[in-house]
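Visitor: Starting from the known structure of chain A, arrange chain B on it as the hints suggest.
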Amino acid sequence: MAMMDLSRDRPATGEALLDCRDVQVSFDGVIALAGIDLSIAPGEVLGVIGPNGSGKTSLVNVISGYYRPTGGGVTFAGQRIDGLRPQQIRALGIARVFQNLRLFDNLTVVENVEVAMAVDLARTRGVAQASVGAMVWRRQRRLRREARLKAVRLLEDNGFAGHLDTKAGSLSYGQRKEIELLRALADPPQLLLLDEPTSGVSRAEAEQVGERIALWRERTGCTLLIVEHRLGWLFDLAERIVVLNSGSVIAEGLPEVVANDPEVRTAYVGTRDDH
Amino acid sequence: MALVVLLFVPLFVGSGYVLHVLSFGWIYATLALGVVISYGFVGIPNMSQATLYGIGAYVAGDMMIHFALPFLLAAVIGAAAAAIGGLILGATALRVKGNYWWLITIAVTQVMFVVFNSWTAVTGGENGLLGIPIARIGSFQFISNANFYYLGLGLVVIVYVLYARFTTSRVGLAARAVHADETAARGLGISPGAIRVVVMGLAGFGAGLAGAGIIAVAGFVDANSFNLDFSFQVMLFAIVGGLTSLRGAIVASVVLTYLTTQITSLVNYQLFIFGGVVLLSLLVRLYLGQGRRGFRVNRRAAAMPEVVDTSPSAPALIGEPVPAEAGVLVDQLPPDLPRKSRTRPWR
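Order-wise, the sequence lines are chains A and B. The numbering of the first sequence is my numbering, which starts it at 161 and goes up by one. The numbering of the second sequence is my numbering, which starts it at 736 and goes up by one.
Bound-form chain A, shown alone:
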């Protein structure tokens, strides 16, 4: 993978694609995020690690709009996005893959990918226009056909030609994980949030997932934020690592530097999964 200029520790605000400033989240006094500062440069691959309960998934939830921060703010491409709804944030270009499988099992594989191209349905106006349009004009039917064609092409290019009209629920775990990644990329996002993309897959499969992610990144040039427990795997893929502990950033830097940081080692003692 082509290495970027990593001499800077943190890009200046002006050139960041995503910028979290003092982001706090608490639930009835329990603090999940205690003021996180973090930014991602366009095209960067940022890895986020930390022990269980350190706030990794909370951070993803804040960026993708599922949690509303109780303090601080998030800026994406120069626009404040904290307080927006998940569907609006997706429409702006931040896609997310959940830690657990979240395919629509009763929809076919094609439909699962097709439905991800409907980002104009994030607002009531878009939904109303598309609904009335579908009943009255032909344009909406053409759009649906086009979306389906795109989905079919995407799936065929990625080895799912034989499974297009299978119900997603009947595929294997690994296949469903792959489709979920394809679905997130169906309408190419600017920033892709991956929450433990290798959870539940074998080590060999994890290698494949890593290769696919690298390939997709090269193809689409999208920026990545990856939360992961397999440190070795992540250190190969990420260009920069942020370490969370108890809702705060405790270290940040190049993978090889972070790996040898004494504070990180302390935080991970007993829990480190050494690949």
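Because the hints were derived from the structure by calculation, they are not lab data. Model, not experiment: these values are computed from the prediction. Honestly, I wouldn't trust all of these hints.
Each pair of labels, with its calculated beta carbon distance range [to be verified]:
#: 1; chain 1: A; residue 1: S359; chain 2: B; residue 2: V740; range: 52 to 60 Å
#: 2; chain 1: B; residue 1: I823; chain 2: A; residue 2: E316; range: 39 to 47 Å
#: 3; chain 1: B; residue 1: Q997; chain 2: A; residue 2: R313; range: 50 to 58 Å
#: 4; chain 1: A; residue 1: E306; chain 2: B; residue 2: V896; range: 17 to 25 Å
#: 5; chain 1: B; residue 1: S874; chain 2: A; residue 2: A321; range: 53 to 61 Å
#: 6; chain 1: B; residue 1: R830; chain 2: A; residue 2: E316; range: 36 to 44 Å
For the chain A half of the interface with chain B, some residues (derived, Cβ under 10 Å), not all of them [stated by the list, open to error]:
#: 7; residue: R250
#: 8; residue: L267
#: 9; residue: R301
#: 10; residue: R343
Yeah, the Cβ is synthetic: ideal placement off N, Cα and C, and Gly gets one too.
Guide: For chain B alone, kept in the frame of chain A given last:
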């Protein structure tokens, strides 16, 4: 094809009464279609169809009585009013989830029943809406039972076509996704709230058209036509029809409406019989698959050579020797294939 057959029905059915009943069946089918898109596709248990239907009927009726508007215009205004009612209902219940939809829509129907029953200036109160002029389009008057039949059929076809286009559109697909997993759907840029509101508006539109249809066919409505019992009945039609099948809902509504009129002498047992129908349809669903469509698929499967388990434990069909070829077929199967061990004598 089915439509062509239905177009010729009045020529062969001599009984005006049957045609009259069927025209009611078409109108109820229009309402059941609204349940299919709201409950079957998005998962909103919509017990407010009676209310939206009532809004359509009263508004269209008042337009014809007080403003002497032509029937078609009155029908469109009635449908628009009911659509707005649906949108409002959908929007006020935005924060409601799952089973609370039942409560909200039931409560709205109960409250609106009281409103219909007491707002004399608009609804005629307990006396009902009197003096509705004969519906006419141009110089054509809807007076015979055959006319009513075609009017009802026309309504159901219009609403069916609109809803079928909707359910196969991108929004229809998104609605199914929202129904399956709302959190994931949001993550793909789909607003569940917007879809719910729009679908309730569409259900209202269809119900409003049905309301306009009923004032033309019945010439009279009162609040009892729009009570909770009726919502329940429409819900039942949709469930018996398979809940996600528009055509199934139409067939179920017409058949059940017809059957109901055949048992009017047993009016006290009507609920009992409805309960029986629901039980029966549940059994059909459980044993034969998903609604009417599942029934068809299973029949097709039954037409193929069936593997009969000839082991002594299988209950033999009375008086029927098991064909020898069937036994051979079993023997030819590789041992790891699942064998049908249960016979279904009632099929």
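Visitor: Could you run down the list of hints and mark each one as holding or not?
Guide: Hint-by-hint comparison with the structure:
S359 (chain A) and V740 (chain B) have their C-beta atoms about 56 Å apart, which keeps the hinted 52 to 60 Å range intact. The beta-carbon spacing between I823 (chain B) and E316 (chain A), approximately 45 Å, falls within the hinted interval of 39 to 47 Å. The hint said 50 to 58 Å for the Cβ distance between Q997 (chain B) and R313 (chain A), and at roughly 55 Å that hint holds. Under the hint 17 to 25 Å, the C-beta atoms of E306 (chain A) and V896 (chain B), about 23 Å apart, fit the expected range.
Distance hint check: the CB atoms of S874 (chain B) and A321 (chain A) are about 60 Å apart, consistent with the given range 53 to 61 Å. Range check, R830 (chain B) to E316 (chain A): Cβ separation about 42 Å, and the 36 to 44 Å hint holds. Taking 10 Å as the C-beta cut-off, the interface hint given for R250 (chain A) holds, the closest approach to chain B being about 4 Å. Interface restraint check for L267 (chain A): the shortest CB-CB distance to chain B comes to about 6 Å, inside 10 Å, so the restraint holds.
A distance limit of 10 Å between C-beta atoms decides the matter here; for R301 (chain A) the minimum to chain B is near 7 Å, and the interface restraint holds. Residue-level restraint check for R343 (chain A) holds (minimum Cβ-Cβ distance to chain B is 7 Å; threshold 10 Å).
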